[in-house]
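S.K.: Sequence:
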Amino acid sequence: MRASVRGAGWLLAVMLWSACGAGPLEDEGTEAPSPGLAAPGEAPESEPAIGTEEAALTTTLRTRWVRTHERVEFRQMAFDSSGNLYVALSYHGPATLTGVPLPWNGDPDDYHSGVAKFRPDNTLAWVRGWGPARVSRDIAYANITGFAVTPGGTVYVGGEAQQDGLRIGGRTLDNGTFLVRLSSGGTLQWARTTRPEPNTDFTFVSFAAHPAGGFYALGNFRHFGQYPYQLMLIRYRSDGAAAWGNIYEQAEGSSSANPMRVAADEAGNAYVSGYSYGSVSFGGPTGPTELSPFVFSTTSAGRHRWTRFLSVPDVGFADGLAVRDGRVVVAVGASFDGAFLLGLTTGLGTERWRVALGNVGNEMTVSTGARNEVLLSVASGDASALGVPRSRPTSNLWNTTSFVARVRRTDGRVLGAANLESSPDDDRSGVYATSCAVSNAGTLAVAGRFDGTVDFGMGPRTNANASFVLRALP
Numbered sequence: 064m065r066a067s068v069r070g071a072g073w074l075l076a077v078m079l080w081s082a083c084g085a086g087p088l089e090d091e092g093t094e095a096p097s098p099g100l101a102a103p104g105e106a107p108e109s110e111p112a113i114g115t116e117e118a119a120l121t122t123t124l125r126t127r128w129v130r131t132h133e134r135v136e137f138r139q140m141a142f143d144s145s146g147n148l149y150v151a152l153s154y155h156g157p158a159t160l161t162g163v164p165l166p167w168n169g170d171p172d173d174y175h176s177g178v179a180k181f182r183p184d185n186t187l188a189w190v191r192g193w194g195p196a197r198v199s200r201d202i203a204y205a206n207i208t209g210f211a212v213t214p215g216g217t218v219y220v221g222g223e224a225q226q227d228g229l230r231i232g233g234r235t236l237d238n239g240t241f242l243v244r245l246s247s248g249g250t251l252q253w254a255r256t257t258r259p260e261p262n263t264d265f266t267f268v269s270f271a272a273h274p275a276g277g278f279y280a281l282g283n284f285r286h287f288g289q290y291p292y293q294l295m296l297i298r299y300r301s302d303g304a305a306a307w308g309n310i311y312e313q314a315e316g317s318s319s320a321n322p323m324r325v326a327a328d329e330a331g332n333a334y335v336s337g338y339s340y341g342s343v344s345f346g347g348p349t350g351p352t353e354l355s356p357f358v359f360s361t362t363s364a365g366r367h368r369w370t371r372f373l374s375v376p377d378v379g380f381a382d383g384l385a386v387r388d389g390r391v392v393v394a395v396g397a398s399f400d401g402a403f404l405l406g407l408t409t410g411l412g413t414e415r416w417r418v419a420l421g422n423v424g425n426e427m428t429v430s431t432g433a434r435n436e437v438l439l440s441v442a443s444g445d446a447s448a449l450g451v452p453r454s455r456p457t458s459n460l461w462n463t464t465s466f467v468a469r470v471r472r473t474d475g476r477v478l479g480a481a482n483l484e485s486s487p488d489d490d491r492s493g494v495y496a497t498s499c500a501v502s503n504a505g506t507l508a509v510a511g512r513f514d515g516t517v518d519f520g521m522g523p524r525t526n527a528n529a530s531f532v533l534r535a536l537p
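Quick note, the numbering used here runs 63 ahead of the 1-based positions in the sequence shown.
There could be a bad hint or two in this list.
[What the hints assert, rightly or not] Taking CB as the label site, the calculated pair distances span:
| id | residue 1 | residue 2 | range |
| --- | --- | --- | --- |
| 1 | Asp201 | Ala330 | 44 to 52 Å |
| 2 | Ala330 | Thr352 | 30 to 38 Å |
| 3 | Arg258 | Pro376 | 39 to 47 Å |
| 4 | Ile202 | Asp237 | 17 to 25 Å |
| 5 | Asn262 | Pro456 | 24 to 32 Å |
| 6 | Gly169 | Arg415 | 37 to 45 Å |
Calculated from the structure, these hints are not laboratory results. Glycine included, each C-beta is placed from N, C-alpha and C at the ideal position.
With the sequences and hints as input, model every part of the structure.
M.R.: Next up, the structure:
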């Protein structure tokens with residue numbers, strides 16, 4: 064079903080996709096009505112809140128647990144309101160996680176996906192995995208591109224299966240985009256493929272849990288032969304049915320909108336970050352012709368609220384995004400003049416504060432919880448601009464460093480920053496922090512990749528092309 068409204072040179076198209084391969088709901092689960100409430104049967108997070116928001120700048124990571132793996136990649140993360148950590152996984156070949164074998168189709172070259180839940184004491188509660196349905200001569204993939212967790216621990220996963228379909232829950236789904244819902248106990252509640260209209264395709268980019276249940280899905284959409292892709296925002300209900308979908312169609316060949324992240328506030332309003340080129344519009348003002356970062360917001364029903372094309376010294380992009388208690392916090396990168404962390408109002412998108420992050424690389428993630436702070440992870444670069452340089456400088460461009468920072472949500476005051484350093488004595492050493500999360504109690508989680516020798520705060524570790532996930536106290 065499609066409905067369209069034209070205005071100010073833009074097309075709003077509402078598309079409800081058919082859901083195929085749906086299974087029975089084995090357990091609806093219980094979603095907490097508001098952040099900060101423990102899910103039934105689960106204890107609140109046990110770690111004490113260390114320090115205060117007014118404390119002096121902290122420059123070391125209080126790491127309490129690190130896990131590294133050569134076959135499992137830790138991709139995206141989120142906490143529930145009880146302090147349990149959920150991690151989206153990608154793996155290939157026979158693999159185990161804390162001694163638990165992961166489902167595998169027998170082909171060492173095929174890529175599988177899954178989700179793991181770690182308790183506040185860092186023990187593994189459960190892990191689930193799925194992958195290509197058949198073994199073939201070609202490499203097959205089951206990739207996770209969207210991941211969201213509700214306060215009560217319901218997990219929504221989206222991705223794409225290529226080549227040989229997807230085997231999950233005793234059924235085989237067709238190739239294409241898939242959606243999965245797991246209960247907080249790891250029970251598969253439903254799994255399905257989603258199919259757009261004929262001669263079209265789309266991919267998921269980012270998910271965000273909706274406070275009333277269900278989730279937002281951000282993605283790219285196009286008709287075959289059309290270029291560039293168009294930005295797409297869908298509101299899914301908790302049963303996996305689409306409540307509505309907006310496709311922000313721009314002038315072909317002259318404009319482009321590239322989605323990066325989606326977030327939701329306590330009222331269910333949606334917020335989208337990304338970057339655009341050309342005279343794009345999302346229902347509000349038209350953007351500048353040069354490459355420009357943007358944030359726009361819609362109501363829970365999909366109606367435009369406001370759009371902000373963000374001002375940076377040079378062309379740039381908007382990446383990491385988090386929303387809570389009246390603040391929209393977005394990480395913005397500029398091509399030549401460094402990166403920034405911005406605090407906007409949820410009401411109109413007015414900028415209230417800005418923190419300069421220095422000349423760092425892209426791939427920045429932002430997370431927030433009940434405390435008045437946000438956690439930022441930067442994949443490439445050190446925290447020199449925040450007063451925390453590398454402990455040992457290096458001139459080797461391949462010897463990379465990542466950093467994390469805690470920033471007060473209301474006013475942008477930097478509360479702490481710490482570098483994840485690779486060894487300057489190892490030419491092949493590098494670390495890339497690609498995901499972060501923060502619990503309501505302030506516990507930090509960071510994940511990414513590393514090569515060579517890296518110190519994660521518990522002494523150096525050496526490995527070749529491995530992934531890592533860590534938890535640290537605030």
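S.K.: Please go over all the hints and tell whether each is borne out by the structure.
M.R.: Checked hints:
Range check, Asp201 to Ala330: Cβ separation about 47 Å, and the 44 to 52 Å hint holds. Distance hint check: the CB atoms of Ala330 and Thr352 are about 34 Å apart, consistent with the given range 30 to 38 Å. Arg258 and Pro376 have their C-beta atoms about 44 Å apart, which keeps the hinted 39 to 47 Å range intact. For the pair Ile202 and Asp237, the beta carbons lie near 18 Å from each other, so the given range of 17 to 25 Å is met.
Judged by the Cβ atoms, the range 24 to 32 Å given for Asn262 and Pro456 is violated: they are separated by roughly 54 Å. Checked against the hint of 37 to 45 Å, the pair Gly169 and Arg415 fails, with Cβ atoms roughly 54 Å apart.
The structure shown violates the earlier hints numbered 5, 6.
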